[in-house]
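Spelled out, the chains give:
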Amino acid sequence: MPLGGSLFFPVAGTYTEAAWRLRRNANAPMRPEFYTETQNLPAVYDSAKSITFGLDGVLFADGKFVGPDTGHSFEKYSDELAAELTSGKAVLSFRGQSVADLEEHLAWVASPPQGPLSRYDSQLQGLAAALQGRMKQKGPDAALGAAQSFQEQASSLPIRR
Amino acid sequence: MRCSRFAFLLLVPGMLVSGVSYAQPKVVIAPLDKSIPPGVTILSQSDASFEPLFDGLVVSELLRPLFRPILPYSIIVQNNSTVPICAVDISVEVVDAQGHWSSWVPYMEINS
Chain W
1 MPLGGSLFFP VAGTYTEAAW RLRRNANAPM RPEFYTETQN LPAVYDSAKS ITFGLDGVLF
61 ADGKFVGPDT GHSFEKYSDE LAAELTSGKA VLSFRGQSVA DLEEHLAWVA SPPQGPLSRY
121 DSQLQGLAAA LQGRMKQKGP DAALGAAQSF QEQASSLPIR R
Chain F
1001 MRCSRFAFLL LVPGMLVSGV SYAQPKVVIA PLDKSIPPGV TILSQSDASF EPLFDGLVVS
1061 ELLRPLFRPI LPYSIIVQNN STVPICAVDI SVEVVDAQGH WSSWVPYMEI NS
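Top line first, the protein sequences correspond to chains W and F.
Heads up, the first sequence is in our numbering, so the first residue is 1 and it goes up one at a time.
Heads up, the second sequence is in our numbering, so the first residue is 1001 and it goes up one at a time.
Calculated from the structure, these hints are not laboratory results.
Glycine included, C-beta positions come from ideal geometry on N, C-alpha and C.
Possibly wrong hints are sitting among the right ones.
[Claimed, not checked] Cβ pair distances, simulated, as ranges:
id, chain 1, residue 1, chain 2, residue 2, range
1, W, Thr70, F, Ala1048, 53 to 61 Å
2, W, Trp20, F, Asp1047, 19 to 27 Å
3, W, Ala129, F, Pro1038, 19 to 27 Å
[As the list claims (entries may be wrong)] Cross-link-like lysine-lysine pairs, in silico, BS3-like; alpha carbons within 30 Å at most:
id, chain 1, residue 1, chain 2, residue 2
4, W, Lys49, F, Lys1034
5, W, Lys138, F, Lys1026
6, F, Lys1034, W, Lys64
7, W, Lys76, W, Lys89
Same shape as in the complex, but just chain W (with noise of 0.2 Å):
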């Protein structure tokens, strides 16, 4: 959110979505189930007794996470953006190297391990598994390029209390 912006969010997760695909694209048009989830919720709300909002935490484009952080999105994103340096750096390192080293570090990290999984580790599988997609659409580069967009943004990005 830029400086002087501001951000909507209605109550219902929902319209919470609406809002946000409104955001990116003033006239996208409404999912066909949007009009048949939000049909009674109005009136779910209408009879609640009280509605309580609190912001419970805010990232700023600094690194500066501040907020009561009652839901843990401190480390929700710390794990996030460390997903993405990790896996950025990691892919980056394959540049000048053949596709099929690439690939087989993609393969290997996207492929899940038995066991549960940390969050971290779902983001680096997860990210490989968008980079291995990307690459097959659209090529090597578009997958190293996609590997230093997270690099940066996460480099970008030092998140701290």
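Since the structure of chain W is provided, determine the placement of chain F on it from the hints.
Below, chain F without anything else, positioned relative to chain W:
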């Protein structure tokens, strides 16, 4: 004169049946944590600047009516601080008519 009195008598039971008689839920904005800079604010529909901001955020006049029923239960977060914001987490707690609590923390990441 008689007609208008009669209409009033019809109107009140009609409101009760249609659910218009519901007391509006109390919408509360929790006090902001001291760590949050003063430039970051939350607006509810009772704030004068809410509606103009909503019109700016949902630009399409065709789509705005879809959100109107939920506007009393919506907020707008404004960033008048000195740094762009990448992500915001809003917590919502609802006490329903039976007195049960439910709470959740929607999360959205924003590219500044």
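Okay, the hints, checked on the actual structure:
| no. | hint | verdict |
| --- | --- | --- |
| 1 | W/Thr70 to F/Ala1048: 53 to 61 Å | violated, 30 Å |
| 2 | W/Trp20 to F/Asp1047: 19 to 27 Å | holds, 22 Å |
| 3 | W/Ala129 to F/Pro1038: 19 to 27 Å | violated, 42 Å |
| 4 | W/Lys49 to F/Lys1034 | holds, 28 Å |
| 5 | W/Lys138 to F/Lys1026 | violated, 52 Å |
| 6 | F/Lys1034 to W/Lys64 | holds, 14 Å |
| 7 | W/Lys76 to W/Lys89 | holds, 20 Å |
Consistency note: the structure conflicts with the earlier hints numbered 1, 3, 5.
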